[in-house]
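J.: What follows is each chain in one-letter form.
There are 6 protein chains.
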Amino acid sequence: MLSLFLNTDGSAPCELPGGVYHPAQARLEAEPIKAIIAKVADNDDPDFRTRAILIKEQRSELVKHHLWVLWTDYFKPPHFEKYPELHTLVNEATKLAGASGTKGELDAAKADQLLAKIDEIARIFAETKKA
Amino acid sequence: MLSLFLNTDGSAPCELPGGVYHPAQARLEAEPIKAIIAKVADNDDPDFRTRAILIKEQRSELVKHHLWVLWTDYFKPPHFEKYPELHTLVNEATKLAGASGTKGELDAAKADQLLAKIDEIARIFAETKKA
Amino acid sequence: MLSLFLNTDGSAPCELPGGVYHPAQARLEAEPIKAIIAKVADNDDPDFRTRAILIKEQRSELVKHHLWVLWTDYFKPPHFEKYPELHTLVNEATKLAGASGTKGELDAAKADQLLAKIDEIARIFAETKKA
Amino acid sequence: MLSLFLNTDGSAPCELPGGVYHPAQARLEAEPIKAIIAKVADNDDPDFRTRAILIKEQRSELVKHHLWVLWTDYFKPPHFEKYPELHTLVNEATKLAGASGTKGELDAAKADQLLAKIDEIARIFAETKKA
Amino acid sequence: MLSLFLNTDGSAPCELPGGVYHPAQARLEAEPIKAIIAKVADNDDPDFRTRAILIKEQRSELVKHHLWVLWTDYFKPPHFEKYPELHTLVNEATKLAGASGTKGELDAAKADQLLAKIDEIARIFAETKKA
Amino acid sequence: MLSLFLNTDGSAPCELPGGVYHPAQARLEAEPIKAIIAKVADNDDPDFRTRAILIKEQRSELVKHHLWVLWTDYFKPPHFEKYPELHTLVNEATKLAGASGTKGELDAAKADQLLAKIDEIARIFAETKKA
Numbered sequence: 012m013l014s015l016f017l018n019t020d021g022s023a024p025c026e027l028p029g030g031v032y033h034p035a036q037a038r039l040e041a042e043p044i045k046a047i048i049a050k051v052a053d054n055d056d057p058d059f060r061t062r063a064i065l066i067k068e069q070r071s072e073l074v075k076h077h078l079w080v081l082w083t084d085y086f087k088p089p090h091f092e093k094y095p096e097l098h099t100l101v102n103e104a105t106k107l108a109g110a111s112g113t114k115g116e117l118d119a120a121k122a123d124q125l126l127a128k129i130d131e132i133a134r135i136f137a138e139t140k141k142a
Numbered sequence: 012m013l014s015l016f017l018n019t020d021g022s023a024p025c026e027l028p029g030g031v032y033h034p035a036q037a038r039l040e041a042e043p044i045k046a047i048i049a050k051v052a053d054n055d056d057p058d059f060r061t062r063a064i065l066i067k068e069q070r071s072e073l074v075k076h077h078l079w080v081l082w083t084d085y086f087k088p089p090h091f092e093k094y095p096e097l098h099t100l101v102n103e104a105t106k107l108a109g110a111s112g113t114k115g116e117l118d119a120a121k122a123d124q125l126l127a128k129i130d131e132i133a134r135i136f137a138e139t140k141k142a
Numbered sequence: 012m013l014s015l016f017l018n019t020d021g022s023a024p025c026e027l028p029g030g031v032y033h034p035a036q037a038r039l040e041a042e043p044i045k046a047i048i049a050k051v052a053d054n055d056d057p058d059f060r061t062r063a064i065l066i067k068e069q070r071s072e073l074v075k076h077h078l079w080v081l082w083t084d085y086f087k088p089p090h091f092e093k094y095p096e097l098h099t100l101v102n103e104a105t106k107l108a109g110a111s112g113t114k115g116e117l118d119a120a121k122a123d124q125l126l127a128k129i130d131e132i133a134r135i136f137a138e139t140k141k142a
Numbered sequence: 012m013l014s015l016f017l018n019t020d021g022s023a024p025c026e027l028p029g030g031v032y033h034p035a036q037a038r039l040e041a042e043p044i045k046a047i048i049a050k051v052a053d054n055d056d057p058d059f060r061t062r063a064i065l066i067k068e069q070r071s072e073l074v075k076h077h078l079w080v081l082w083t084d085y086f087k088p089p090h091f092e093k094y095p096e097l098h099t100l101v102n103e104a105t106k107l108a109g110a111s112g113t114k115g116e117l118d119a120a121k122a123d124q125l126l127a128k129i130d131e132i133a134r135i136f137a138e139t140k141k142a
Numbered sequence: 012m013l014s015l016f017l018n019t020d021g022s023a024p025c026e027l028p029g030g031v032y033h034p035a036q037a038r039l040e041a042e043p044i045k046a047i048i049a050k051v052a053d054n055d056d057p058d059f060r061t062r063a064i065l066i067k068e069q070r071s072e073l074v075k076h077h078l079w080v081l082w083t084d085y086f087k088p089p090h091f092e093k094y095p096e097l098h099t100l101v102n103e104a105t106k107l108a109g110a111s112g113t114k115g116e117l118d119a120a121k122a123d124q125l126l127a128k129i130d131e132i133a134r135i136f137a138e139t140k141k142a
Numbered sequence: 012m013l014s015l016f017l018n019t020d021g022s023a024p025c026e027l028p029g030g031v032y033h034p035a036q037a038r039l040e041a042e043p044i045k046a047i048i049a050k051v052a053d054n055d056d057p058d059f060r061t062r063a064i065l066i067k068e069q070r071s072e073l074v075k076h077h078l079w080v081l082w083t084d085y086f087k088p089p090h091f092e093k094y095p096e097l098h099t100l101v102n103e104a105t106k107l108a109g110a111s112g113t114k115g116e117l118d119a120a121k122a123d124q125l126l127a128k129i130d131e132i133a134r135i136f137a138e139t140k141k142a
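Chains as they are written, first to last, in my numbering: chain F, 12 to 142; chain V, 12 to 142; chain D, 12 to 142; chain H, 12 to 142; chain W, 12 to 142; chain Y, 12 to 142.
Worth flagging that the hints you see were computed from the coordinates, not collected in a lab.
No false leads were slipped in.
Since the list gives no way to pick out one identical chain from another, each pair is judged satisfied if it fits inside one copy or across any two copies.
Straight-line Cα separation of at most 16 Å, EDC-like style, residue types lysine to aspartate or glutamate; simulated pairs:
(1) K87 - E103
(2) K45 - E72
(3) K45 - D118
(4) K45 - E26
(5) K50 - E26
Between the sequences and the hints, there should be enough to build the whole structure, so can you do that?
T.: Below, the structure is given as structure tokens:
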């Protein structure tokens with residue numbers, strides 16, 4: 012029903028996937044960050060803001076984790092050769108989910124930039140799946 | 012680009028989502044379990060099997076976790092009224108990812124049943140999104 | 012000395028328990044939530060409140076987790092048949108520990124309701140142990 | 012209903028408990044270790060043994076964690092003065108749950124010794140509660 | 012290049028280290044706590060303080076964990092005999108990273124005391140390595 | 012006493028470090044992997060091997076995590092400009108700790124290559140500290 016095109020299919024028979032690789036995972040965690048930042052903008056209750064920051068911290072960490080897994084476990088040297096911007100792209104995306112991005116700030120623009128970077132990575136990911 | 016229809020959109024302005032809710036998350040973890048069981052069937056190397064069991068354990072736990080989050084945080088009383096089978100369906104799916112299912116066994120049929128249950132839950136989830 | 016009546020005793024010889032099942036685990040995590048909410052009510056120091064919310068978040072997550080494990084790994088179809096309210100009871104208890112309950116709010120009444128639900132589950136659990 | 016006598020009651024109003032303290036928590040994790048070792052003794056299936064070792068590893072780690080929390084967060088200098096054997100007792104118990112104990116071995120005697128040590132700690136804990 | 016003198020070298024051939032043991036691990040987590048407390052002293056922004064408390068909580072937990080691992084897995088009975096203050100030293104250090112120390116407070120003196128205790132433990136650790 | 016040169020010192024006053032950054036962290040986790048592989052080479056006991064694979068899996072994951080944190084949170088665009096090999100170096104190191112490296116295999120050469128890569132990263136790290 013869902014067509015997720017997991018990359019476990021194409022792996023060698025002797026190799027075990029240690030995780031799941033799909034940019035949707037990073038996006039699923041990044042979308043609530045954007046929603047949380049929007050809600051906090053309209054709400055001055057300190058307890059509410061505390062919980063928002065707490066959840067945002069966890070979601071941002073998960074975004075970073077999913078992108079790291081993609082970068083290390085999914086993308087291979089031929090991908091980095093074909094897409095020379097890929098290293099910088101993933102590095103910038105993870106920074107946008109870090110202390111200078113959605114983790115450390117409540118800035119809607121940072122959340123949008125993070126989502127845009129994830130979509131760029133997803134586009135490359137989709138191309139490598141077709142190849 | 013990806014259309015994930017996160018449920019954070021419809022929440023009340025004063026409520027903060029504590030997690031992400033989408034059946035795709037459970038499916039993303041369940042698909043590798045099926046792949047791992049297939050690989051182990053063709054491989055008698057004990058170290059290989061050990062690592063397969065280890066990964067299968069982690070994936071199965073994540074499947075359970077994602078289904079639990081859906082059941083508690085996404086589905087609301089009106090959903091359970093409209094879909095009276097929903098409790099049993101989620102309970103059976105989590106059991107299929109547990110000690111008597113993919114966690115405790117290397118049985119391809121159990122992995123298929125788990126994926127089928129997740130797809131049933133995903134179908135109900137999709138209907139509740141349209142409503 | 013402690014009489015915990017763990018359910019590992021009754022399991023089939025070929026089955027391995029993947030966890031521990033006892034409602035005391037959920038109660039042990041829920042009681043501090045009640046205590047935390049009481050302390051925060053008397054204290055306006057923002058740093059104190061921040062830490063209280065942080066701990067309450069973790070305890071609430073653990074309450075949910077312990078209840079989920081009971082629901083999936085301990086309770087079996089005959090239990091759900093004998094106690095038709097059990098699904099709803101566990102679902103409501105986990106919701107009371109979630110974003111609309113003790114996780115998202117600082118409401119002493121929610122903590123009391125959560126403890127009451129855990130006690131109801133514990134009563135059913137104790138009955139199934141005698142059976 | 013359950014009488015767990017949590018130590019959150021007696022804490023100063025300005026102090027927040029960062030966790031739960033009760034020897035029952037360590038015992039709840041140690042009992043399945045004993046059960047697992049018994050089951051493995053009767054079962055030569057390598058996949059079964061692998062999963063048993065995996066679960067035993069996790070349970071042992073949790074036993075250690077709960078004992079550490081008791082030692083650091085619950086027991087105070089007057090307790091260590093009154094019970095001069097307490098440091099050694101907790102240290103030995105955690106070692107019995109470690110690499111030279113239930114974590115690293117499948118030795119039923121080690122599991123029994125671990126349970127006995129936990130019961131000794133529980134007896135001291137109960138006395139400090141009455142004091 | 013780095014000379015970390017890991018204790019895995021000296022273990023018996025049949026024993027597997029379940030973790031890493033080096034006081035540097037506790038220090039690596041304790042130094043940022045000191046830095047965070049200093050930054051918070053100069054900053055009244057509530058969102059900034061929330062995140063500082065959140066990070067401080069995580070770092071303090073890691074300090075405790077690394078010290079516990081040392082106490083249980085590295086130090087052996089002959090060490091406790093030779094250094095009779097060692098139990099109290101590690102216990103006090105973990106308390107200084109707990110609810111009454113850097114976890115529960117924003118007190119630079121507590122962070123300094125914690126670092127001093129870690130250095131005392133590191134000194135004993137270094138001596139046991141030479142022995 | 013220990014001179015760890017944490018990078019928290021040089022951060023802007025308004026920025027909070029979300030973690031610790033030092034290549035020693037990755038090395039501390041990678042050294043036991045090498046030791047474990049050596050011990051397994053001399054030991055055919057299946058239970059021993061199972062536990063070795065389990066620990067190796069956890070250590071390898073931690074190596075990856077520490078390297079990812081360095082890559083995202085410590086290294087900045089000027090570093091990547093000055094050391095154009097840095098992206099590939101960190102990517103290869105994390106792959107050496109992954110499914111095709113120490114996580115998926117019991118190959119002493121892979122552990123040595125991983126340690127060598129970590130030392131290369133540590134050398135660059137040390138240079139950036141002096142700059």
